[in-house]
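Trainee: The residues making up each chain are set out below.
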Amino acid sequence: MFRIGFLGIAHTHGYSYIRQIQSFSNMIVTGVFDRDADKSKKASELFGTRAFEDPLELIENSDGVVVTSENSFHKKYAELAMNKGRHVLCEKPIATTEEDARSMLQTARENNVVFQMAFPVRYAPSIQQARKEIETGKLGRILSVSATNHGRMPGGWFADEKLSGGGAVMDHTVHVVDIIRWLLDVEIVEVSAEYGRLIYDIPVEDCGLLLLSLSDDSFMSLDCSWSRPEAYPYWGDVTLNVVGTEGTLRINAFDAKLKVFSNKRGVFWENYGDSFDRALIKEFADSVIEEKKPLTSGEDGLEALRVALAAYESGKVGRPVQLNH
Amino acid sequence: MTNVGIIGCGMMGRVHSIAYTGLENVNVKAVASLSREQTLECARLASSRTSTVAEILNDEEIEIVSICTPTDTHRDLVVEAARSKKHIFCEKPIARTLEDALEMVEVCRQNGVSLGVDHVVRFFDSYSRAKSLIEEGTIGKVVMARLYRGGVFPKHGWNNWFDELGRSGGVLLDLSIHDFDFLRTVLGEVESITARSVKNTPSHPGRNRDHALAILKFANGSLAHVEGSWAEPDNAPSKFATSFEFVGRDGMITYDSDEDFTMRVQTASNDYPSFSKSTPAANDPYGLHIQKFIEAVREERKVPVDGTEAIEALKISLAANRPAESGRPVKLLEVV
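Listed in order, the protein sequences are those of chains P and H. Note that my numbering has the first sequence beginning at 821, numbered continuously upward. Note that my numbering has the second sequence beginning at 1280, numbered continuously upward.
In isolation and in its complexed conformation, chain P is listed as follows (with noise of 0.2 Å):
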């Protein structure tokens, strides 16, 4: 039986991991434990789990660890866990400073555990089979990506950069950098990006476009927006328009649909799709079982994150930023 404990349930994923876990028949969550009591409280009360007020203790009942607190806290729950020798899955963006995600690669690296990220889009059976169009060359060569990452603007802490680490920038770049770097097997060498908080009144960024050089000379944009309106009938997307030499290929990751009309829950958009969550938990279980590096790691969240840095310090200068790899 794989034991895993949540370490912060600050992140509203960590809900639905927990759900995830509680289907396989060779996990279970060990308790929850969140530096807000009430917020673990909540958690473990629908779950019918314990609340921990001690992570330690919560660390020392688990295997491996879940971190689904707020961005600024994963360095130090992750690591926490990492020098107990358990082994991790950390919520995105793997931490807000380039330092932090360092140490963190530092402290899986000496422990020997799995450190593994929840970039669950990777997951996606549109993005797996996408990546065997790709790899068959039937694209030719890949010239120009636009992608989306819209959602809506998530509020509370999201929006405390102490907490985040930053807005829509922080929240939804990391997500299709991390696509896009597995799929046309390239890394981001140079970011430019426009942002503001241009919808709602709140401290941090709710809008953002980013143009991307890629290290193959093709290039992308990407929308990380906090822009689908309450009325919306979804929470968001993930869109890729990719094309080639010798073909296009269009992605819209959640549009397995069903546009639902009813009196009492409204008008909204039902997704029938094969659970993300549900494949990157399996990833957690079967990495550590088989000792192997997870699909994605530690060190894709490192250069997911650079991008979102690099986005951020184009801003402020107002000119494209280099990554060097």
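These are calculated hints, taken from the structure and not from any lab test. Cβ coordinates follow ideal geometry from the N, Cα and C atoms, glycine included. Treat the hints with care, since some could be wrong.
[Stated by the list, open to error] Partial chain H-side listing against chain P, Cβ under 8 Å, derived:
(1) VAL1422
(2) ARG1475
(3) VAL1477
(4) HIS1490
(5) LEU1492
(6) ILE1494
(7) LEU1502
(8) HIS1504
(9) SER1508
(10) ALA1510
(11) GLU1511
(12) PRO1512
(13) VAL1526
(14) ARG1528
(15) GLY1530
(16) MET1531
Given the coordinates of chain P, work out where chain H should sit on it, guided by the hints.
Mentor: Leaving out everything else, chain H in the frame of chain P:
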């Protein structure tokens, strides 16, 4: 009765021919182009006769001339037509270079003739209705926009002129200029642009690729993403598509021609496209634009999308073409 001459009988010449025939009290008196075959076809469509450029410009009964030739030829033809005291309805983009466009506007002014430029997207029902909704405050102040326009490469150009950057200006000048113009009507003036584009033209024709991404920052602080493409494979079932998304502080409006349409036709016959989708409408947007142009000429008012407005859209395209190499944001002022 308003007499019209059409110069240039390629795809847009045909579109203008059809548009004029839908208007009352308008007569296409003559059509001219370098292609005998295409000229005959436009003459047939417009119930007109074939002619020459000189004949059209010297015909005192012709008041309005449509210019439907390749972009880099607009200046010479418009200047000549203006000196012949013709009002001019010119295909977009107004010209290949800013210098050409400025000269055209100046010569038209000197000769007291009107110059209208066919930024027809403003007259498409889907776009104009979205603009009305925005102006009514339906989604609050618009702060972000995302527009796509693209499809297969336009192989139909005379001597493949779309493929020559020096003639067409590429996808950012020929295609995305529609979206730049429309964005101006919604968000105002552009402050800076960051863009990337790629051109990859293998030797054999029909496999051209031209694709561009542009990020625009407007003077009012709002942002826009514009994607233009001639990169879809020639045999793609969907030959052309447009989409837009306007994000306001109180909501959002979206449209996608690939998803939102009223008619789909699929055929086995080789004489017709194997697949088409459309939203047939009473108003032909080209006819609507031309009708408003003629009304404005009659009443001696400013014509819709005059040369000055067309120059503003041109500047955005030229600015977008500039940082294609560096990715550096270009302030629009640098183009002027």
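Trainee: Does each hint fit the structure? Answer for all of them.
Mentor: Status of each hint after checking the structure:
no. : hint    : in the structure
1   : VAL1422 : 4 Å, holds
2   : ARG1475 : 4 Å, holds
3   : VAL1477 : 5 Å, holds
4   : HIS1490 : 5 Å, holds
5   : LEU1492 : 4 Å, holds
6   : ILE1494 : 5 Å, holds
7   : LEU1502 : 5 Å, holds
8   : HIS1504 : 5 Å, holds
9   : SER1508 : 7 Å, holds
10  : ALA1510 : 5 Å, holds
11  : GLU1511 : 6 Å, holds
12  : PRO1512 : 5 Å, holds
13  : VAL1526 : 4 Å, holds
14  : ARG1528 : 5 Å, holds
15  : GLY1530 : 5 Å, holds
16  : MET1531 : 5 Å, holds
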